[in-house]
Amino acid sequence: MSKRNRYSAALLWQLVRNTADLQGFLSNKEKRELDDQYRQYRESNREEKKASTLQLQSILSKKRPLFPAALGILGTVLWIVLLIFHSAKYPQKELLRFYLFQPLLLAAFAPFSLYLLDNLERKLYFRLDTRPSSLFVSLLGFTALTMLLASINQDLPFARSPDNFHLILLVVGVAIAPLFEEIAFRQWLPSKIGLDPHWAGHAISALVFTVLHIPTTLDPEMASYYYLCGATLSLLRIQTDSLLWPFLAHAAANVSMVLAS
Numbered sequence: 016m017s018k019r020n021r022y023s024a025a026l027l028w029q030l031v032r033n034t035a036d037l038q039g040f041l042s043n044k045e046k047r048e049l050d051d052q053y054r055q056y057r058e059s060n061r062e063e064k065k066a067s068t069l070q071l072q073s074i075l076s077k078k079r080p081l082f083p084a085a086l087g088i089l090g091t092v093l094w095i096v097l098l099i100f101h102s103a104k105y106p107q108k109e110l111l112r113f114y115l116f117q118p119l120l121l122a123a124f125a126p127f128s129l130y131l132l133d134n135l136e137r138k139l140y141f142r143l144d145t146r147p148s149s150l151f152v153s154l155l156g157f158t159a160l161t162m163l164l165a166s167i168n169q170d171l172p173f174a175r176s177p178d179n180f181h182l183i184l185l186v187v188g189v190a191i192a193p194l195f196e197e198i199a200f201r202q203w204l205p206s207k208i209g210l211d212p213h214w215a216g217h218a219i220s221a222l223v224f225t226v227l228h229i230p231t232t233l234d235p236e237m238a239s240y241y242y243l244c245g246a247t248l249s250l251l252r253i254q255t256d257s258l259l260w261p262f263l264a265h266a267a268a269n270v271s272m273v274l275a276s
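If you count by the numbering used here, then the sequence shown holds residues 16 to 276, one letter each, in order.
Just so you know, these hints were derived from the structure itself, not from any lab. Watch out, some of these pointers could steer you wrong.
What follows is a set of in silico ranges between Cβ atoms, one per label pair, in the way DEER data are often shown [said to hold, decoys possible]:
| no. | residue 1 | residue 2 | range |
| --- | --- | --- | --- |
| 1 | Gln107 | Thr231 | 17 to 27 Å |
| 2 | Met162 | Lys78 | 37 to 47 Å |
| 3 | Leu227 | Gln169 | 19 to 29 Å |
| 4 | Gln169 | Lys207 | 29 to 39 Å |
| 5 | Ser148 | Ala84 | 33 to 43 Å |
| 6 | Gln117 | Glu236 | 15 to 25 Å |
| 7 | Leu27 | Arg61 | 46 to 56 Å |
| 8 | Asn33 | Leu135 | 44 to 54 Å |
Bear in mind that the values here come from a model prediction, so they are computed numbers and not experimental data. Ideal Cβ positions, reconstructed from N, Cα and C, are used throughout, including at glycine.
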């Protein structure tokens, strides 16, 4: 943990240390370490104090950054332009267009999905966690997803040697769209149902995830594959306590399937 993060944690501890409900969550050793970090913060120079304070303020503030909205608007406009261009250039490829522009639309909306999380959740769930256990379960999740997606994608219209233009659009779409899906289906929706770790919420979310992949999931076999994909990503979310690893595993599996085709 960087010095700035340690100081921010110490400042937060000073704000909540007298809250009785929180006392039991930390050991005496952890409390002493936070007190020690606060003493170091008070002895630090003005620049370090200001940087640590601003970081904590940005996390606790209710003010949302404007950058995701600007990026989402730009992505949506670009999606509309591409859709018009594709409809004019390839008027006979309606089915391909449906499967191609569906993930691209989710990719365009992905920046907006960040507003489903507050500032603290964004920092917490998209932190880089390099613990061996997180890396291991992420690798397992990626492997399971790849196997499931291989069964799903073999009958889709773009699974047979797309040209470079369609390949680029596919890669962009399937690489970015999982950001929207992970935030919506692995955090926002499950968190509304039951208590942490929201097992019932994740089970229902995986079902919703499956239903939203109609018409592919009208086939019971395909529906079971999609449900297992959702369940795998939910387990990865719970095991890593992160959205970053499910997003990366999901995106990597999607891109691998497109490139392998």
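Checked hints:
As the Cβ distance of Gln107 to Thr231 is approximately 21 Å, the hint placing it in 17 to 27 Å holds. At roughly 43 Å, the beta carbons of Met162 and Lys78 sit within the given window of 37 to 47 Å. The hinted window of 19 to 29 Å between Leu227 and Gln169 holds, with their beta carbons roughly 21 Å apart. For the pair Gln169 and Lys207, the supplied restraint of 29 to 39 Å holds, since their beta-carbon distance comes to about 35 Å.
As the Cβ distance of Ser148 to Ala84 is approximately 35 Å, the hint placing it in 33 to 43 Å holds. Taking 15 to 25 Å as the suggested C-beta distance range, the pair Gln117 and Glu236 conforms, at roughly 20 Å. Range check, Leu27 to Arg61: about 20 Å between beta-carbon atoms, so the 46 to 56 Å window is missed. Judged by the Cβ atoms, the range 44 to 54 Å given for Asn33 and Leu135 is violated: they are separated by roughly 20 Å.
Comparing the model with each numbered hint stated earlier shows that hints 7 and 8 do not hold.
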